[in-house]
Amino acid sequence: MSATAEQIDADAEAAARRRATFRRYTRHPGFMIGAIGIALLVLVALLAPWIAPHSPTRTDLMNNLAPPSATFWLGTDQFGRCVASRLIHGAQVSLQVGFFVVLISLSLGTVIGAVAGYAGGWVERALVAVIDILLAFPSFLLALALVAARGNTLDSIILAVAIAYTPRIAAVMRSVVLTIRPRPFIEASRAIGLTPWKIVLRHVIPNALPPVIVVATVSAATAILAEAGLSFLGLGVQPPTPTWGNVIAEGQTSITSNPLISLSAGLCIAYTVVVLNLLGDGLRDTLDPQMRRNTGKLL
Amino acid sequence: MTAAFELRGLTAAVPGEKGAVRLVEDVSLSVRAGETLAVVGESGSGKTVTFTSALGLLPKPGRVIAGQALLEGEDLLALPPEQLRRRRGARIGMVFQDPLTGLNPVFTVGEQIAEVLRAHLPISRREARDRAAALLGRVQIPDAARRVDDYPHQFSGGMRQRVLIAMAIALGPRVLIADEPTTALDVTVQAQVLDLLGDLRASEGMGMVLITHDLGVVARQADRVAVMYAGRVVETGTVEEVFRAPRHPYTISLFRSIPEIDAPAGTMLAPIAGSPPDPARRPPGCAFAPRCFAVSDAHGCRSVRPDLIGAGHFAACHRQGAIEVAA
Amino acid sequence: MSPLLEVEELRRSFSGGRTLFGPRKPDVRAVDGVSFTLGRGETLGLVGETGSGKSTLGRLVLRLIEPSAGRVRFEGEDVTAASSSGLRAMRPRMQMVFQDPYGSLDPRMTAAEIIAEPMTAHGVRRAEAMRRAADMLGRVGLSPAMAARYPNEFSGGQRQRIGIARAIALDPALVVLDEPVSALDVSVQAQILNLLADIQARSGVSFLFIAHDLAVVRHVSDRVAVMYLGRVVEMAPRDALYGAPRHPYTVSLLSAVPRPDPAKERAKARIRPIGEIGSAAALPSGCRFHPRCPRARLVAARGVDAVQAAGTRLPRACVEQDPQLSPAGGGAHLAACHFPDEA
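Protein chains in written order, with the numbering used here: chain Z, 11 to 309; chain X, 69 to 395; chain V, 23 to 365.
Some hints here could point you the wrong way.
Within a straight-line C-alpha distance of at most 20 angstroms, the following computed DMTMM-like cross-link-like pairs (lysine to aspartate or glutamate) qualify [what the hints assert, rightly or not]:
1. V/K290 with X/E272
2. Z/K208 with V/E135
3. Z/K208 with Z/E197
4. X/K86 with X/D346
5. V/K286 with X/D346
6. V/K286 with X/E328
7. X/K128 with X/E195
8. V/K290 with X/D267
9. V/K286 with X/D330
10. V/K286 with X/D291
11. X/K128 with X/E150
12. V/K290 with X/E150
13. V/K290 with X/D346
14. Z/K208 with Z/E134
15. V/K286 with X/E309
16. V/K286 with X/E85
17. V/K286 with V/D327
18. V/K290 with X/E85
19. V/K290 with X/E308
The hints are simulated quantities; they were obtained by calculation from the structure and are not laboratory data.
Keep in mind that this is a model prediction, so the values were computed, not measured.
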């Protein structure tokens, strides 16, 4: 009987714990603003075909550079395309870039960094050399070279930016792992007979991830900026596909008479970068169970 | 005879989720010139917080909400910060547990002692260095005149602790507060440092407060002892009285729970069940009641906070008389 | 029957490395030729000061650190020669409890996950391991209802109980305990010491109990070994060692421990070693304790063949010959001193 009673106690406690964790996130204003901001953006990107008032690529040269109106919320560009619709569709490209770049660079960087940091010896020296070379190489230039070699499709942009970002994640991961490796629980897991791979997967990576995830979230923002930058230079996704970088580039020709085009695309990018940074800071504050407030700790 | 250093009703708190959390409560202690008072307690008992509060060193957001800290009759807590800073170091010295973090690795030990001297006295660099060397000699560092130009990493743990003691006594303080000065040291080195502290107290006529968790160190070094539990003093008296006939159940249990090096073999230890309460959730009544072997509802252990009662030897327990009979 | 654990001439030195431009630093001989055996159900206490090599020795025995030389046999198998998978297969039988109850538990795992991990690592299914982990919590005096809590929600003593539960989860024959109570408050130390005694009485596990606190070691041990600068200088059954220590280092260690008894403390004559423990990177010649040895000074003053050393006159033997651990005072009492019978 008592065993079942204790099981019920344990289950109740686990449920209370989940609620407490949830509260920890919901009570962090930065995290909530960031999360809601990103959620809105994702929603806009997913529903773009339905909420955009016009086709983003339909030109109407009779009605170019129109001022904002009820039909064209942000006016039209020099080809008469609806700027608002282009920005709404452009969110799709930006979010894809941010998401896939983080997915690729986080998975590769985490493993490379963890192996380098934990293995030590020649493995570490070799990996660190590669990471350092890639880091020293200007990432924008690397992206340029890759786009030049593979052609400027969305895939190659994502790949280029991801390759440029992987060493950053790996470098952060390795430095965090170096602080985890000497901690006694790692020795404890060797003492119970775990294989090195299991130690890395079960103990090293989970404990190293919080700061890395924060870096990754912020990299999503800079990846979106990088794509915009490439597009602005004409090396990104080819027009007429709507991306925020393309909108800025196209708005450039009429920037003195109609600054709203470039400005609104710039604001979209700024908004995304800000919400991602808020989310990253929020994650940093809430991810670590050690950071829970506890008055007893003051002594 | 007036006390060299006296605390009266000192209470310090930090803001908590449900109002102020009292880290130490109504602590009254005194130490006379030439005397050693040992303050004993476990982590979280408030033994360190008591003295950091008294010297205005309690980290924010903690603060003293009541009480006085009288250094030769002058209330430190009523002084403006700048004057309090001048008292610290000059008239009241401090030695802390960790001999490594107390020293700056990029300056020689001589420079660090000289800095203390020059902060309070109008003396030249050269004179400060000479006095630093003399101080190192006083704390029995061999070859002091040469080692005054060494860096902290060139000293062993015990030697670093001697350097910190030299800094603490540099200005001839009336009171020396030593917080676990030997806890990080090995037992043979501990003995040497304790000897040194005892000699200095006698030769300088300082009042000494020795904060420790080690009852052996208390027996060896102290004249009087105050036992703290959950932020309060629960028993105080001369070392002989408290060790011969402890009156508070916590003190009694503490003696029964430590392995003694001379006890007959095979003695079972009688541990104190449970752990000390979180300062934010101390029980009403006596804070030790949940772990006490003599707890009794009829005497109000769980509802009424006991006062320190006695003459010379005090204890804060509702059951004092009954326990003495039982033990 | 052969003993559970046999350690022969175990050595480990760490390379001193190189300063930026200077010459190569000398190697640190952390453990410098240690031999002992440990029987089933026995507790061997290992005492020594910082730098004595006691923690390194504990890790060498479990091969958490690779030895430079020597051999460890455990249950008849050669630990030092085992392959990495062979070693992992031995791990369930030889476990470790660590000093730091805060750092030795993964902060991102629950108490039950921590205790279940050695079981899942050695082939127990996860559901079964989690169920047994809840039982283990009960066995070490915690409530099974605490299974879902994280380490930071436990006190130091409770965390050490979790560390002990993890070590005994697979029913080992040997547990190396590295300063298991030194980070705990005095009132909690006794709880953990009693728990360990209780576990040993029930399971017959052997303990290698490493600590600097001589009173604690006396309380738990059947036999005690005293280490100084990488060597065992004295090893004897507990009462012999504490009652009639033969090595001057042991004598001064015991004399230095403050007793919680004011009358005894004040009456006591103290025998102090001179100075502080040296460095294992620059070992003295002959007996490594000679520069600090009060007995050597007395013996030299009495007029044996003496030489000038350590700023005074010391017996030639102490300065020139390295004493071996050999019988002194009868029974299983061993001491590494040229003059073990001097008072």
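Verification of the supplied hints:
1. As the CA atoms of V/K290 and X/E272 are separated by approximately 24 angstroms, the hinted pair breaks the 20 angstroms bound.
2. A hinted pair counts as satisfied when its Cα atoms are at most 20 angstroms apart, and Z/K208 with V/E135 qualifies at roughly 14 angstroms.
3. About 13 angstroms separates the Cα atoms of Z/K208 and Z/E197, which keeps this hinted pair within 20 angstroms; it holds.
4. Taking the CA atoms of X/K86 and X/D346, the gap is near 13 angstroms; set against the 20 angstroms cutoff, the hint holds.
5. Under the criterion of a C-alpha separation no larger than 20 angstroms, the hint pairing V/K286 with X/D346 is inconsistent with the structure, at around 36 angstroms.
6. A hinted pair counts as satisfied when its Cα atoms are at most 20 angstroms apart, and V/K286 with X/E328 qualifies at roughly 13 angstroms.
7. For the suggested pair X/K128 and X/E195, the alpha carbons sit about 37 angstroms apart, so the restraint of at most 20 angstroms is broken.
8. For the given pair, V/K290 sits about 17 angstroms from X/D267 by alpha-carbon distance, which is consistent with the 20 angstroms threshold.
9. Taken as a hint, the V/K286 and X/D330 pair is honoured in the structure, with Cα atoms around 11 angstroms apart against an allowance of 20 angstroms.
10. Restraint check for V/K286 and X/D291: the C-alpha separation of about 14 angstroms stays at or below 20 angstroms, so the hint holds.
11. The hinted pair formed by X/K128 and X/E150 meets the criterion: a straight-line CA distance of about 18 angstroms does not exceed 20 angstroms.
12. With a CA separation close to 46 angstroms, the supplied pair V/K290 and X/E150 exceeds the 20 angstroms bound.
13. Restraint check for V/K290 and X/D346: not satisfied, since their Cα atoms lie roughly 40 angstroms apart, outside the 20 angstroms limit.
14. The hinted pair formed by Z/K208 and Z/E134 meets the criterion: a straight-line CA distance of about 18 angstroms does not exceed 20 angstroms.
15. Proximity of V/K286 to X/E309 is assessed by CA-CA distance (about 14 angstroms); at most 20 angstroms being required, the pair is judged to hold.
16. Restraint check for V/K286 and X/E85: not satisfied, since their Cα atoms lie roughly 48 angstroms apart, outside the 20 angstroms limit.
17. Between V/K286 and V/D327, the direct Cα distance comes to roughly 37 angstroms. Violation of the 20 angstroms bound is thereby established for this hinted pair.
18. For the suggested pair V/K290 and X/E85, the alpha carbons sit about 51 angstroms apart, so the restraint of at most 20 angstroms is broken.
19. Taking the CA atoms of V/K290 and X/E308, the gap is near 16 angstroms; set against the 20 angstroms cutoff, the hint holds.
The earlier numbered hints that this structure contradicts are 1, 5, 7, 12, 13, 16, 17, 18.
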